[in-house]
Amino acid sequence: MKVRQHKLKIGVSGIRGEVGEFLTPPMACAFAQAFGTYVGPGRVVVGRDTRPHGPMLEHAVACGLLAAGCDVVRVGVQPTPTIQIYVANRGARGGLAITASHNPPEYNALKLFNSSGLFFNSYERSELIDLYHQSNFHHATNDAIGWVHADYGRPAGIHIERVLAHVDKDRIRRAGFRVAVDAVNGAGSEMTVEFLGEYLGCELVPLAVDPHKPFPRVAEPRPDTLGELAAAVKEFGCHAGFAQDPDADRLAVVAENGRVLDNDDVLALVVDAVLEKQPGDVVVNLTTSAVIEDVARRYGCRVHRTPVGEANVVERLLATRAVIGGEGSNGGVIFPAVHPCRDSYTGMAFLLDRMAATGKTVSELAAGLPRYVRRQTKVAFEHGPLGGVMQALEERYQGAETDRRDGLKLIWPDRWVHVRASNTEPVMRIAVEARSAEEAERLFSEVQGIVAS
Amino acid sequence: MLRISHVGLRGVVGRGLTAAHVLDFAAAFGTFLEPGCRVVIGRDPRASGIMLREGVLAGLTACGHDVVDLGVVSTPVIQHCIRNLEAGGGVSIGASHNTADWNALKFFGPEGIYLSTAEAGELLDIYHLRRFDFAPWDRTGKAVEEPCAAEAIDSYVAVLGEHYDFEKLRRFRVVVDCSNGTSSMILRRLEQRYGLDMVLINERTEGRRFAHDPATNRETVALQLAPLVKPLGADAGFLFDIDSDRVALATETGEAVSEEMVLPLLADYLLPRREGKLVITNLSTTALVEEVARRHGGKVIRVPVGRQAAIDALTSYRPEQVAIAGEGTGAVMMSQFRFVYDGIAAMLAVLTMMAEQGRRLSEILAGYPVYKMLKTQLPLVSARVPELLTELQERYGSGRVNTTDGLRVDWPDRWFHVRVSQTEPVIRVIAERRDEEPRELFEELVEAVRRLD
Numbered sequence: 001m002k003v004r005q006h007k008l009k010i011g012v013s014g015i016r017g018e019v020g021e022f023l024t025p026p027m028a029c030a031f032a033q034a035f036g037t038y039v040g041p042g043r044v045v046v047g048r049d050t051r052p053h054g055p056m057l058e059h060a061v062a063c064g065l066l067a068a069g070c071d072v073v074r075v076g077v078q079p080t081p082t083i084q085i086y087v088a089n090r091g092a093r094g095g096l097a098i099t100a101s102h103n104p105p106e107y108n109a110l111k112l113f114n115s116s117g118l119f120f121n122s123y124e125r126s127e128l129i130d131l132y133h134q135s136n137f138h139h140a141t142n143d144a145i146g147w148v149h150a151d152y153g154r155p156a157g158i159h160i161e162r163v164l165a166h167v168d169k170d171r172i173r174r175a176g177f178r179v180a181v182d183a184v185n186g187a188g189s190e191m192t193v194e195f196l197g198e199y200l201g202c203e204l205v206p207l208a209v210d211p212h213k214p215f216p217r218v219a220e221p222r223p224d225t226l227g228e229l230a231a232a233v234k235e236f237g238c239h240a241g242f243a244q245d246p247d248a249d250r251l252a253v254v255a256e257n258g259r260v261l262d263n264d265d266v267l268a269l270v271v272d273a274v275l276e277k278q279p280g281d282v283v284v285n286l287t288t289s290a291v292i293e294d295v296a297r298r299y300g301c302r303v304h305r306t307p308v309g310e311a312n313v314v315e316r317l318l319a320t321r322a323v324i325g326g327e328g329s330n331g332g333v334i335f336p337a338v339h340p341c342r343d344s345y346t347g348m349a350f351l352l353d354r355m356a357a358t359g360k361t362v363s364e365l366a367a368g369l370p371r372y373v374r375r376q377t378k379v380a381f382e383h384g385p386l387g388g389v390m391q392a393l394e395e396r397y398q399g400a401e402t403d404r405r406d407g408l409k410l411i412w413p414d415r416w417v418h419v420r421a422s423n424t425e426p427v428m429r430i431a432v433e434a435r436s437a438e439e440a441e442r443l444f445s446e447v448q449g450i451v452a453s
Numbered sequence: 001m002l003r004i005s006h007v008g009l010r011g012v013v014g015r016g017l018t019a020a021h022v023l024d025f026a027a028a029f030g031t032f033l034e035p036g037c038r039v040v041i042g043r044d045p046r047a048s049g050i051m052l053r054e055g056v057l058a059g060l061t062a063c064g065h066d067v068v069d070l071g072v073v074s075t076p077v078i079q080h081c082i083r084n085l086e087a088g089g090g091v092s093i094g095a096s097h098n099t100a101d102w103n104a105l106k107f108f109g110p111e112g113i114y115l116s117t118a119e120a121g122e123l124l125d126i127y128h129l130r131r132f133d134f135a136p137w138d139r140t141g142k143a144v145e146e147p148c149a150a151e152a153i154d155s156y157v158a159v160l161g162e163h164y165d166f167e168k169l170r171r172f173r174v175v176v177d178c179s180n181g182t183s184s185m186i187l188r189r190l191e192q193r194y195g196l197d198m199v200l201i202n203e204r205t206e207g208r209r210f211a212h213d214p215a216t217n218r219e220t221v222a223l224q225l226a227p228l229v230k231p232l233g234a235d236a237g238f239l240f241d242i243d244s245d246r247v248a249l250a251t252e253t254g255e256a257v258s259e260e261m262v263l264p265l266l267a268d269y270l271l272p273r274r275e276g277k278l279v280i281t282n283l284s285t286t287a288l289v290e291e292v293a294r295r296h297g298g299k300v301i302r303v304p305v306g307r308q309a310a311i312d313a314l315t316s317y318r319p320e321q322v323a324i325a326g327e328g329t330g331a332v333m334m335s336q337f338r339f340v341y342d343g344i345a346a347m348l349a350v351l352t353m354m355a356e357q358g359r360r361l362s363e364i365l366a367g368y369p370v371y372k373m374l375k376t377q378l379p380l381v382s383a384r385v386p387e388l389l390t391e392l393q394e395r396y397g398s399g400r401v402n403t404t405d406g407l408r409v410d411w412p413d414r415w416f417h418v419r420v421s422q423t424e425p426v427i428r429v430i431a432e433r434r435d436e437e438p439r440e441l442f443e444e445l446v447e448a449v450r451r452l453d
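Line by line, the protein sequences give chains D and S.
All residue numbers for the first sequence refer to my numbering, where the first residue is 1 and numbers rise by one.
All residue numbers for the second sequence refer to my numbering, where the first residue is 1 and numbers rise by one.
Quick caveat, the hints were computed from the structure, so don't treat them as lab data.
Some hints here could point you the wrong way.
What the hints assert, rightly or not - Once the Cα atoms are required to be at most 27 Å apart in a straight line, the calculated BS3-like pairs of lysine-lysine come out as:
(1) Lys372/S to Lys277/S
(2) Lys7/D to Lys213/D
(3) Lys213/D to Lys142/S
(4) Lys277/S to Lys299/S
(5) Lys142/S to Lys7/D
(6) Lys142/S to Lys9/D
(7) Lys234/D to Lys213/D
(8) Lys277/D to Lys360/D
(9) Lys169/D to Lys277/D
To be verified - If you want the footprint, here are the derived chain D segments under chain S, 3+ residues with CB under 8 Å:
(10) 27–39
(11) 53–63
(12) 133–145
Stated by the list, open to error - Short derived list, chain D residues pointing at chain S, Cβ under 10 Å:
(13) Gly20
(14) Leu23
(15) Thr24
(16) Ala67
(17) Gly69
(18) Val72
(19) Glu106
(20) Tyr107
(21) Val148
Here the structure is a predicted model, which is why all the values come from computation and not from measurement.
C-beta atoms are modelled at their ideal positions from N, C-alpha and C, and glycine is treated no differently.
With the sequences and hints as input, model every part of the structure.
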């Protein structure tokens, strides 16, 4: 089967592509001008991660925004959540983060935020993309062209203060944790060191915290990419290890014994910590573990499920006034009291706070969670087979409860199966979860067999 | 209101000249240059300059060039800096003598020299083809902020110091109309470093609107500058356009001098001092140039109107053959300054002349015969131009005929030039006569054009 090379994608999720031949500065400029036209004249915040082509795209984006009559507030290298919080805090018209998140270093993309520092919702996104395609841009004349301002210093502090308002900072400081940090030399490099070292009094074992160096590992923080961090945690006797993706919205955690925690379990620990203080609704995507329901049940709280995608979770979170949410497998904790966005700093703070409060290690905390086993994979996928796969699965598993909002999810009391098309890559994602490794493996190979036929 | 030509890109920002043009042109120039070379850029104070700068930075860095951004500086400083840093080329962002709503990109090769017609043609081909050599993702360039404008100006001013004896110039008091452009920064430095006595008006750089139309001609000089010279007890008045590559004069008596006088005056100064005996100027410039050249055994080369023709003519001679090149707009380039249009260097030459001759500016000017010029522009459809020129050539066949740019006919005491404007759909008619106005000839020409309209 031919696998499509998605070197450039312009669509409702914005613009993303391989820099050089595919994602070019004229394209980024035009997209930014469409964005500036859409949000109207006023201040627009522009930040980026540490990819080598970030500065080039930053100039292209600034050019497009200025041409549309916006003022540009340049914040430089910043985590995506930090940019979002700054947009909301400064009363800007909107913001752009120049980052391809967990994608490989040759990729870049524009993440788009409205005046509340939230991802554009689906309606806003499709209006913007129409504007882009029509090239129906506002063109400011010399009388109306704005200026490029810079504020590199304040965004980190604003973000950190917001996070620390929700934990017992002194208790964490007193605990004197030793923590290994792998920021993948990304946008979190400097801020994470400041956050953990200066604000939370941790003794740091820094691994990849130089924003001028290339990514030393696969950008996505997953168990199979964090070997070095796990080794450092054991070698230096750390209480925990934290890993981020290049724009520092995602978090992965290594326990004191060197085991990389399942991201669903990290989310579950944070949900537990939040609900204990403040019971309320929880919103997670369809692929997140059932452990979230178990934890929510302890506090008598409801769990809402949404299609996969941060924007979907945030939309629902705001609509239901939920207190906590996230996307398990993506390592995303979304705590709206800080800001309705995926934020690794909130995750780190809550975990350390929990450790300090209970005196338990990371693995002891994780052991307190109900045990589920997940298996997931992706298969190269041309448009079409998903429908057939869904029909076959539904036919095969007739007793299960079904959810068709994002592909097909089949749910039993003690296990589930989810097949869906990726939003960003030409692949079909398959995930299963069960109570035991044997059961998970059995279900997983059955489903794979159905997909293959 | 957009013009893309061999001279570069020029237009009214937001009404013809857009961010997309800037990005594409910068990418074309980045493709045109030697791979990986450094590029020097700077801009005039127009507000829209910041948008163009971001676009130029994006296009050049995307093609793998590191870019030295001097910020707001005059064009001759950019050209000097290209040479000084041994950069591969440069871009001047600014619309010079046009009103504030315009902006433009001008391109320079190594040594800060203007692109030849062949090179400019290649640049245009790349632009139109839109096939740019964007660097691979890990080879994009970056903006460099050193040297800064002040350092570049210092270095440029030091070169002026090598060519002029400022000891002699210190006794003059000079009034300068900076037209809210970039000349003030250089003049203040000259004042500090060499102790020149200068009074500056319209000194502050302005982005939105200038105190007056920044054209270097007699009418503009008469507005604010000329009336101040005498009351301030000054020895001369000088007016610069926005990027200070052109100059206009006022005498100590408060008389605004015709822009046509700058070139003959400087030719008179330079011809006896330089090995080269050639003066390059265009067909619309005063015949006084020939008369001055004859006094020093020099020869005038007449070329079509426009910067490009002068540059091509320059490259067709050995540099040491040429003393000066220029046009009747106050734009002159001198051999000792490597043929860069430079209004400040021209001002210093005029002052040096005054010092060496021990005569006042009005006295020096009174030493030249009087040529009186009449000019106008008339509408005419392009299709009828050949008919007009043929008719005029037949009627005025008694004179010396030059048809390289429309029609110029010379008689011993008078001449006329009829040509099509490069910027507007009009016919320009110019007639000049020694001692008295060529009224009769001028009216015949105007009548001939009107009959065809």
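Q | Pair hint outcome, Lys169/D versus Lys277/D [Cα-Cα no greater than 27 Å] | A | Given pair Lys169/D, Lys277/D holds - Cα atoms ~16 Å apart, limit 27 Å.
Q: Closer than 10 Å between Cβ atoms is the bar; does Thr24/D clear it against chain S? Give me holds or violated.
A: 6 Å, holds
Q: With a cut-off of 27 Å on the C-alpha distance, tell me whether Lys142/S and Lys7/D pass.
A: 24 Å, holds
Q: Please work out if Lys7/D and Lys213/D have their alpha carbons no farther apart than 27 Å.
A: Given that 27 Å is the threshold and the Cα spacing comes to 24 Å, the pair holds.
(Q) Holds or violated: Lys372/S and Lys277/S, Cα atoms, limit 27 Å. (A) Holds. Lys372/S to Lys277/S sits at ~26 Å (cutoff 27 Å).
Q) Once the shortest beta carbon distance from Leu23/D to chain S is found, is it less than 10 Å? A) 9 Å, holds
Q) Does Lys213/D pair with Lys142/S here, judged by a C-alpha cut-off of 27 Å? A) This hinted pair holds, its Cα atoms lying about 15 Å apart.
Q: Against chain S, run the beta carbon of Gly69/D and see if the smallest gap drops under 10 Å.
A: Interface hint status for Gly69/D: holds (8 Å vs cutoff 10 Å).
Q) Can we keep the Glu106/D interface hint, with Cβ of chain S closer than 10 Å? A) Given a least distance of 4 Å, the restraint on Glu106/D holds.
(Q) When I compare C-beta atoms, does the region 133–145 of chain D have three or more residues closer than 8 Å to chain S? (A) holds (count 8)
Q | Hinted pair Lys277/D and Lys360/D, Cα distance within 27 Å | A | Roughly 18 Å between the alpha carbons, so the hint for Lys277/D and Lys360/D holds.
Q. Close enough to count: is the Cβ of Gly20/D nearer than 10 Å to one in chain S?
A. Cβ of Gly20/D sits 5 Å from chain S, so the hint holds.
In this structure, every one of the numbered hints holds.
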